[in-house]
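Enquirer: As a plain string of letters, each chain reads:
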Amino acid sequence: DAGVTQSPTHLIKTRGQQVTLRCSPKSGHDTVSWYQQALGQGPQFIFQYYEEEERQRGNFPDRFSGHQFPNYSSELNVNALLLGDSALYLCASSLKRSGYTFGSGTRLTVV
Amino acid sequence: GIQVEQSPPDLILQEGANSTLRCNFSDSVNNLQWFHQNPWGQLINLFYIPSGTKQNGRLSATTVATERYSLLYISSSQTTDSGVYFCAVGGFSGGYNKLIFGAGTRLAVHP
Numbered sequence: 001d002a003g004v005t006q007s008p009t010h011l012i013k014t015r016g017q018q019v020t021l022r023c024s025p026k027s028g029h030d031t032v033s034w035y036q037q038a039l040g041q042g043p044q045f046i047f048q049y050y051e052e053e054e055r056q057r058g059n060f061p062d063r064f065s066g067h068q069f070p071n072y073s074s075e076l077n078v079n080a081l082l083l084g085d086s087a088l089y090l091c092a093s094s095l096k097r098s099g100y101t102f103g104s105g106t107r108l109t110v111v
Numbered sequence: 112g113i114q115v116e117q118s119p120p121d122l123i124l125q126e127g128a129n130s131t132l133r134c135n136f137s138d139s140v141n142n143l144q145w146f147h148q149n150p151w152g153q154l155i156n157l158f159y160i161p162s163g164t165k166q167n168g169r170l171s172a173t174t175v176a177t178e179r180y181s182l183l184y185i186s187s188s189q190t191t192d193s194g195v196y197f198c199a200v201g202g203f204s205g206g207y208n209k210l211i212f213g214a215g216t217r218l219a220v221h222p
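In order, the protein sequence lines correspond to chains A and B. Residue 23 in this note's numbering is what sits at position 23 of the first sequence, and the numbering runs on without skipping anything. In this note's numbering, each residue carries its 1-based index in the second sequence increased by 111.
Since the hints were derived computationally from the structure, they do not count as laboratory data. In this text, all values refer to a predicted model and were calculated from it rather than measured experimentally. Hints are not guaranteed to be accurate.
Derived SDA-like pairs: lysine to any residue, alpha-carbon spacing no greater than 20 angstroms straight-line [unchecked claim]:
#1 B:K165 x B:P150
#2 A:K13 x B:I155
#3 A:K26 x B:R217
#4 A:K13 x B:K165
#5 A:K26 x B:N156
#6 A:K26 x B:Y159
#7 B:K165 x A:K26
Derived coverage of chain A by chain B (criterion: at least 3 residues anywhere in the stretch with Cβ under 8 angstroms from a Cβ of chain B; other residues may be distant) [to be verified]:
#8 38 to 46
#9 78 to 85
Even for Gly, the Cβ is constructed at its ideal location relative to N, Cα and C.
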């Protein structure tokens, strides 16, 4: 049973560029959430998708956007990258009223 | 929003020692999970425990929801237990659940 898969694993981008990160949820899960984890901190909630709509959003600017596809997979897009966007981006999938399963993350470096 | 506090922030143990990690939260929750983050960033789910007690090998966890705290016990610690332990809680908002993480407890187990 495949867990949550994320791609790519590592990424280096230049300030001002745009980036797209991808996530495939665990089989049977229908909800996808994205988290940003800066070095030495706990993961911070970005947003959550269910039935192809953004259902909740954390305190992140509009430069962060997402999408969920009919097969429940999801993308996270970040525009106009800043140096401060360098972080580990984690995707988690879940069912309502159940635990979350996390992927291995995408480590984004903005130079 | 819900606040999550973990203690202690750092813990150093000799192999074979026992330890207790604590998680306090500020409001009623319907989801509580303990995670272990390995050096590569992977968040491994240890327990889904919104209430009650669970055990898995050398690890056990207890959540007292009415008093808004959870404890993670590690017995006979091993060097492979090193890493960061996160407590994350969730409560329904508009019918959807999101996880809020504490700052983590950084555990180092020395041989």
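Enquirer: So, for every hint listed, does it hold in this structure?
Expert: Status of each hint after checking the structure:
Of the supplied pair hints, the one linking K165 (chain B) and P150 (chain B) is violated, its CA atoms being roughly 25 angstroms apart against a limit of 20 angstroms. The suggested pairing of K13 (chain A) with I155 (chain B) is violated, with an alpha-carbon distance near 28 angstroms, which exceeds 20 angstroms. For the hint linking K26 (chain A) to R217 (chain B), the alpha-carbon distance of about 28 angstroms lies beyond 20 angstroms, and the restraint is violated. Distance check on the hinted pair: K13 (chain A) and K165 (chain B) sit about 43 angstroms apart at the alpha-carbon level, beyond 20 angstroms; violated.
Under the criterion of a C-alpha separation no larger than 20 angstroms, the hint pairing K26 (chain A) with N156 (chain B) is consistent with the structure, at around 14 angstroms. Between K26 (chain A) and Y159 (chain B), the direct Cα distance comes to roughly 16 angstroms. Compliance with the 20 angstroms bound is thereby established for this hinted pair. At most 20 angstroms may separate the alpha-carbon atoms for a hinted pair to count; K165 (chain B) and K26 (chain A) exceed this at roughly 23 angstroms. For a cut-off of 8 angstroms, the count of residues in the stretch 38 to 46 of chain A with a CB near a CB of chain B stands at 5, and the three-residue condition holds.
For the stretch 78 to 85 of chain A, the proposed coverage by chain B is not satisfied: 0 residues have a C-beta within less than 8 angstroms of a C-beta in that chain, short of the threshold of three.
Checked against the numbered hints above, the structure violates hints 1, 2, 3, 4, 7 and 9; every other hint is satisfied.
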